[in-house]
Amino acid sequence: MPAIYPFLLSLALFLLPLTSEAGEAADFAAASPARQAQLLEHWAATPDPTRQPLLDALQHGRLAVDGARRAFIERDGRLVAAEGDAPPEGTPKKLRLNNRLRGLLATAQASHRLLAEEPEVRLAAARALQKSARPAQLSLLNASLARESDAAVRDALALALANLQLADPDPKIRLGAVRLLGETGEPLARTRLEALLAPDAERDPTVRTAAETSLAQIKRRLLFGELLGQAFSGLSLGSILLLAALGLAITFGLLGVINMAHGEMLMLGAYATYVVQLLFQRHFPEALALYPLAALPVAFLATATVGMALERTVIRHLYGRPLETLLATWGISLILIQLVRVLFGAQNVEVANPAWLSGGVQVLPNLVLPWNRLVIIAFALFVVALTWLLLNRTRLGLNVRAVTQNRNMAACCGVPTGRVDMLAFGLGSGIAGLGGVALSQIGNVGPDLGQSYIIDSFLVVVLGGVGQLAGSVLAAFGLGVANKILEPQIGAVLGKILILALIILFIQKRPQGLFALKGRVLD
Amino acid sequence: MTRPISITLLAKAGPHLGRGLGALALAVLLALPLLHLLPAEHALHVSAYTLTLVGKILCYAVVALALDLVWGYAGLLSLGHGLFFALGGYAMGMYLMRQAAGDGLPAFMSFLAWSELPWYWYGTSSFLWCLALVVLAPGLLALAFGFFAFRSRIKGVYFSIMTQALTFAAMLLFFRNETGFGGNNGFTDFRTLLGFEITAPGTRAALFLCSLALLVGSLLLGWRLAHSKFGRVLTALRDAENRLMFCGYDPRGYKLFVWVLSAVLCGLAGALYVPQVGIINPSEMAPTQSIEAAIWVALGGRGTLLGALLGAGLVNGAKSWFTVAFPEYWLFFLGALFIVATLFLPKGVIGLLGKGDKS
Amino acid sequence: MQRRSLIKAFTLSASIAAMGLSWTIQAAETIKVGILHSLSGTMAISETSLKDMALMTIEEINAKGGVNGKQLEPVVVDPASNWPLFAEKARQLLTQDKVAVVFGCWTSVSRKSVLPVFEELNGLLFYPVQYEGEELSPNVFYTGAAPNQQAIPAVEYLMSEEGGAAKRFFLLGTDYVYPRTTNKILRAFLLSKGVAEKDIEEVYTPFGHSDYQTIVANIKKFAAGGKTAVVSTINGDSNVPFYKELANQGLDATEVPVVAFSVGEEELRGIDTKPLVGHLAAWNYFQSVDNPVNSEFVEKWKAYAKAKGLPNADKAVTNDPMEATYVGIHMWAQAVEKAGTTEVDKVREALAGQTFAAPSGYTLTMDATNHHLHKPVMIGEVQEDGQFSVVWQTEGPIRAQPWSPFIPGNESKPEYAVKSN
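Here the protein sequences come in this chain order: A, B and C. Residues in the first sequence are numbered consecutively from 817, following the numbering used here. Residues in the second sequence are numbered consecutively from 76, following the numbering used here. Residues in the third sequence are numbered consecutively from 3, following the numbering used here.
In case anyone wonders, no lab produced these hints; they're calculated from the structure. The beta carbon of each residue, even a glycine, is placed where N, CA and C say it ideally should be. Everything hinted at is true.
Cross-link-like lysine-lysine pairs, in silico, DSBU-like; alpha carbons within 35 Å at most:
no., chain 1, residue 1, chain 2, residue 2
1, C, 308, A, 910
2, C, 276, A, 909
3, A, 947, C, 229
4, B, 304, A, 1325
5, B, 394, C, 304
6, B, 230, A, 1325
7, A, 1035, C, 229
8, A, 988, C, 169
9, A, 988, C, 200
10, A, 910, C, 229
11, A, 947, C, 169
12, C, 308, C, 66
13, A, 988, C, 223
14, B, 394, C, 100
15, A, 910, C, 169
16, A, 909, C, 308
17, C, 34, B, 394
18, A, 909, C, 317
19, C, 169, A, 909
20, C, 310, B, 394
21, C, 223, A, 1035
22, A, 947, C, 195
23, C, 229, A, 909
24, C, 200, A, 1035
25, C, 200, A, 947
26, C, 169, A, 1035
27, A, 947, C, 223
28, C, 34, C, 317
29, A, 988, C, 229
30, B, 394, C, 72
31, B, 394, C, 317
32, A, 909, C, 302
33, C, 195, A, 1035
34, A, 910, C, 304
35, A, 910, C, 317
To spell it out: a stretch of chain B is covered by chain C in this simulated footprint if at least three of its residues, at any positions, have a beta carbon under 8 Å from a beta carbon of chain C; those stretches are:
no., region
36, 118-132
37, 242-252
38, 262-274
39, 394-408
Can you build the whole structure from these sequences, using the hints too?
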């Protein structure tokens, strides 16, 4: 498209009245994208309640255009003319928006919602305008502020206004705006104030000083948010490592099986989640949001069953030959991966976050804590607690500990070692399955899922000290936090390399991991 | 597995069969490169494909042997031997890249708009320096790593996981373009070696013979070691380190020696591997590759040098065959092979042979 | 008994390939065609569908009577995402199976691995994936995009008024050659367009990276400084965690659009696309392109997937590399018809200037000299149903520049294919 074209168009628009007789919907439908953008900007500055259905239709992709470029709105599966009642010519096509128009539409929606009855809607609209308000909306915001009765909305509006007032000719108004902006921790306010402090941007010395103070204030708040964010992401990464490694802490840590198929147990857990999601989609679409909860027992039982079957058929024969378990479980892992690939395809499968696990909670202006990560942290702690209780407060746990400490002695005391082995391996696999459910909510679900976690899992267990549950917990969170402290400094790649180097050095200091078993046994 | 198992194929199978088999295998392997020199139309001509495939397996066999020395004899399971192998390969690759580039910079560097060679590339256009690097790079790394690890008396699975972390870290490092080793693309497109066309049948045959010589050499060396007092100390170390210490031995030196030797053998194997397969890239350092090497040893028979060779040959031969015969299902076969071998052949494939006269 | 099995094993390992290894038993008078895509390992996720697409195309050509009256016979091997194995399998296809042509490879490293083999044996490889350029071999035909056929138009679009008039660019990629080179080219291009250094940020993650919390937080911070777009060259599996994190941290496409060069319909099958609506991808083909050739192509693929019982057949989609595979095989067949032989030198000659009405809706031409296709560039927006809607496209196919003018030193590179040494 020649560059001159939009320019000519805007010139023509400037000369013409912005709304013609045909009605706004038809205007919009017939317009080029550039003019559509201008229409939206115009609507954003001059909200009109009668326009609301049109905006809603646009936002939800329900506006269609027929052969004569007239607009139709889809209502309950039928196309209704937006203006007049003419039937559509030909098959109307859905009007598609691009990102720019979608952004402008959101701004227009916000200014229309300022007219809403409910204060919450107005509050949300004012908040949206804090980010996106344009100079053309100055008078609109002023008018809204003047008639606003709700205090919270007033504050939000004042802030939205302050962004625009930075360009006001009156230094007093600018001063007020600068001070107001200093109260927020908005990253955007920082950019605006920095622009104001550029040489030659602001001449009034009082406003300049105030801007400097406000900027320092904002920076402090932003830094606080950043640090908090880092701490959170460290915890979150730690919880994920923990969930990935916890099953291994049992199968490898307690039973001594170098379980290379551990990653595949995670993968099976994730695929179990996928299957449960499919079942819910087919049979209980109304309860779809609950599928991750339903997936938990399914994944646990499925992977525990697979684990017990493997234990009975293969691993049972290998106790006392730990390194050979490496070979056999590696073979198992190859078979499981290819099996899943043949059954479900080599591609990743889609596991969607249900509504309650999507999005996040805005804690600070520059800090959003995603729900899925919050839930996973809690879940990790829950699983750890459960495992601890199982191992330390139940008969099974007692037996497991007895067998792992001294198999022969335990057998002599009447512990059915075979059964205990099977149950313990099943438990470890089941917990890996639970980990798989959690992993499916943050990453991809594909046949190779397990491969990407197996190394980290072994590192966590070994770093914590083999056989030490508490060690694994500490190691997982330690690795997570250390990783997230290093990443912003030296980048993700070098950070990861450095972490590995640090682990190697750490093992030199403590050759038995964080929590070494104290004992006097020497082989 | 704490009881030292008898060490050799020969001892178990009786001298005749063993010697006969070995001589036969050696004769076949010696004949291959010579047959490759025949004109392509000749009925007995061995194709370049076969030659490079067997050459590759020979290099892997050296790795298996080297790993068996540390694992089978000294009881140190390394899950990072791929790193030493790759370092040797990279050292050779540096020379080959310089050869291919002539006076200019290697292709991938001019492509990164680097104007001069990084310092660690200094002297790599000299074949002798490269040979030194092939030995030094893995050797020194193994020395440093081993020195600290054995000083802290890191053992068993801790040692394995540390070697795995080491190779994983190195892989990430080499993946970076900025590290100066061609990133993920690694080194390819080699042209000449010591002035000889790398694709010429003569060069191929010579490389093959070198690999064979390296293999036979390492086998003999391993043999001598295993049968010397040194070898018995190693086995004792594997089975009861503390008792050995109470007897007045300091195990560190023994471990360090065999560990560095093993790394150097891997490096040499890597150096011969690269010109034969025509590529070296960081995926050779992937932890799975090293695990696979451990599997060759376990499958063939840990603690027997020939077993390691057999394992490397079997797994890689099976892989080459399965990937063509059953492209979609070969992993099932391979996986099943591992499971069956562990369950029914606790001493590896080589153990089969010993069954007859076992007490 | 045991001894005998050992002997068997020994001979198997030592002389396995001496026996020839050609597994397929074929009738007389067929033309063998090699397919070299990983069916296992990390790349299986992308390459498996290309193998199936190649088989479908070959079936289609055979149904029409084959090439020069001969049926095509596919030889499928699995290089298992292992780069040395790629070279080995390539050599096997060319020397043992004696295929006339090979369709295959996805990653640049696999292509680099097989390239010396193809040059040595004078074979023919069709490479169907977008890549970083900087290569031009007489034995390879590149049916994917060079950087100027994908990356640069995408950034131009982001800078345009319609694309959101982005002023700042966050270049995010996996740390390997394709992203590094593409970003290098893009940086030079952006600087030439007057974007300041401080408005470009380059960030890399290791392979298989799955924790994008810090990076998304950094994108947010960076975006506060002005209208920002993210250019993503993240590969394969890391995309899902990235997009999930993006959506959950509340960064949507109207605020910060992400344009990706490695995310197509196939990848979107593994992602919940609802939060991603509006994010962009640049390709030379989208399944949603509306024209009769494409509807037939998509129909055929869906029917094929169903008939062969491919996993997830009911949700089968087509994507850009699949189209490139399809076009490549047809172009090769046409060239063989024209040359009257499968001899590589003659086919290579016949391929120059070959045209084919592609599913993208354009008639694509194989360049007379540089072995790349002239391709249209399209920018697609992610839709809720996992498809893309094209929001922008070039007026016609554009010629590839394998040697990007934005990389210094490329001016002296020849515009035609020569062996690299």
